[in-house]
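Colleague: Below are the chains, spelled out letter by letter.
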Amino acid sequence: MINKLDFRAILNRDKNIVQLIVMTVLIFVIMTALSPDKFLRYYNFESITYIFPELGLLSIAMMIAMLTGGIDLSVVGIANLSGILAGILFKKLADETGVADTGLAVVLLGGVVALGTGLVAGALNGLLITKVKITPILATLGTGQVFTGLAIVLTGGPAIVGFPEHWSWVGNGKLLGLATPFVLFVLIAIAVSFILVRTPLGVNLMLIGTNPKAALFAGLKRERMVFYSYMMTGVLASIAGIMLSGRTNAAKSDYGTSYLLQAVLIAVLGGTNPAGGKGRVLGVAIAVIALMLLSSGFQILRFSNHLIDFIWGAFLLLVIAINAYKNRVR
Amino acid sequence: MAWLRRSEVVIAGILLLAMIGIGLVNPAFWQLDNLFSLLRSNVIIGIMALGVLMIMISGGIDVSFPAFAVAAMYLTVKGMLWTGYDGVALPFLTAATMGALFGCLNAFFVYKFRMIPLIVTLGTGSMVRGFLLGVVGTSMININKMPDVLIDFAKTEVISMTKADGTTYGLTAMVLVYFGLAILVHLILRYTMIGRGIYALGGDQEAASRAGFDLRKVIFFIYCFAGALAGFAGLLHSGMIWLANPRDFVGLELDVIAAVVLGGASIFGGRGTVLGTMLGVFMLVMVKNSLIIMKIDTTWQRVVVGVIIVIATAVTAWRDQKRKARGDRT
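Residue numbers (the working numbering), protein chains in the order written: chain A, 28 to 357; chain B, 35 to 364.
Keep in mind that a hint or two might mislead.
[Claimed, not checked] Partial selection, computed: residues in chain A whose CB lies under 7 Å from chain B:
1) 161
2) 333
3) 348
To be clear, the hints were calculated from the coordinates, so they are not data collected in a lab. Even for Gly, the Cβ is constructed at its ideal location relative to N, Cα and C.
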């Protein structure tokens, strides 16, 4: 009996992946049909591989928070703050020779600072959620304000422009002939997927999300696991911040504010259950590619950015409706 | 002395202490024109907070209302210019109705698909704002085009005074509108079946449904009413600042949610009062305005609002836990 149920669950999950792939292909075909000469250019796809990893990482971070029925509204704040702190460090350490030629050691130090920011910020979220017992929505809403606010205080408003070349390579460069952020994204996605599926932490998170009470009675260390999951979320967000600041060669307190909604949308579209217990990295990765194709197609068709916002929102509601309908049938 | 433990009394006490503190740093705080302008700044946030309060008592959250407010405001003002209509009642009714219709969209998704309100309202908010800016327009309607009736209506004052140097100042009558709506919401929450249903829904959905509350009616009522309040407040805002800006209210949801949480409402639902919310709104507005009076750099505003959210939710969570530990003796 139990085996049968498990089998059906696996089938269902893979059905979800199949549906996502079908949707991606559909978007691809429609966009190609609408503007074949512009959409199908190599340049278009290459630029997507540079842009999507940061959004993809934020979406995976969002998915991890959703696994335990939470959410992280501070990811964009963490990403920006990480980039800004690293940027300030580079400015401080490279007065004489100019920021662009900063040595590798300093750049690595900047990376440590950025990742450390993510770790500390995530730990703060985790602490507020598990120890102080604030609901994730409000805790991360508040800390998100604090992180963004600190970013404003540190920069005074305008962007920090000019990052070392080694740093920009993370967002702009090439590795093995592919975009560096793309390669990094694939590696990180595989690592996160491994953590979620093959390690006790991941399995615990799934179980806690599926049934918090049962997990408690089964003796799972709920608080510690949830705490770790928010730290992971914070680190992923700071990696996205490194990519963003590397790609644009600048860091600012209000970069990527529309990423928040998009990350939620992609996580939900990728088959994550916001109530907890269900989520796969592969699903999120396909969903982010599907939506990047969609939005680049719309940009080629010269839709205004505001209309694209409208479409993102409508898409989110549509996905909710479809998911609800699917669950009812089952 | 049970009343001493009521959260409204505690908030009022903290508020008084804060006022005395700010007054010591800068005695200008206690001048009547500063107090009047503080009250004036309460009106818009306060009216919106009343709607958010009801949603939070029911255990939900709403981040879409600023988009609804701005859409209702801009469309109504555009409509007034188009038709040359010069009354006051009908435009406000129109704006409120528009807001209510948007709110129904939220209610539909929350009720029909049992989706987490945060995700639904993220989607609807993005849709409505994207539609407004992408389809309707992005140009501001300045004072020279704003309908005079709106400005004149918002100029009404209850108390008018003249300073020694001949300049006049006064207390805007919009405060009375705010107080009137607050009393209305208080009466609804306290003495109507639907009001008790909101508390019941927030306490325990299943129990509320078994006790015979019509959940559909309750959910539609709160989201539509919150939308209507937002639409109304939006139009009032444009009259008060003599400007209809389709990009207005960005990020306002955080201030409003902070105020409601500060007022003692719990996101777990089932708790919250109109009086507490009004005190919370006053506290938030006062702190934000007083940063200027206390000569603190305005870049710190976001940090302060974030910290307020975190502290207020922490206190609320702590209170809820203590209550749970004591048993359900309230």
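Colleague: Confirm or reject each hint.
Modeller: Here's how the hints hold up against the structure:
Hint status for residue 161/A relative to chain B: holds, with the closest Cβ pair at about 4 Å, below 7 Å. A distance limit of 7 Å between C-beta atoms decides the matter here; for residue 333/A the minimum to chain B is near 3 Å, and the interface restraint holds. The restraint placing residue 348/A at the interface with chain B holds, with a minimum CB-CB distance near 6 Å, inside the 7 Å limit.
The structure meets every hint from the earlier list without exception.
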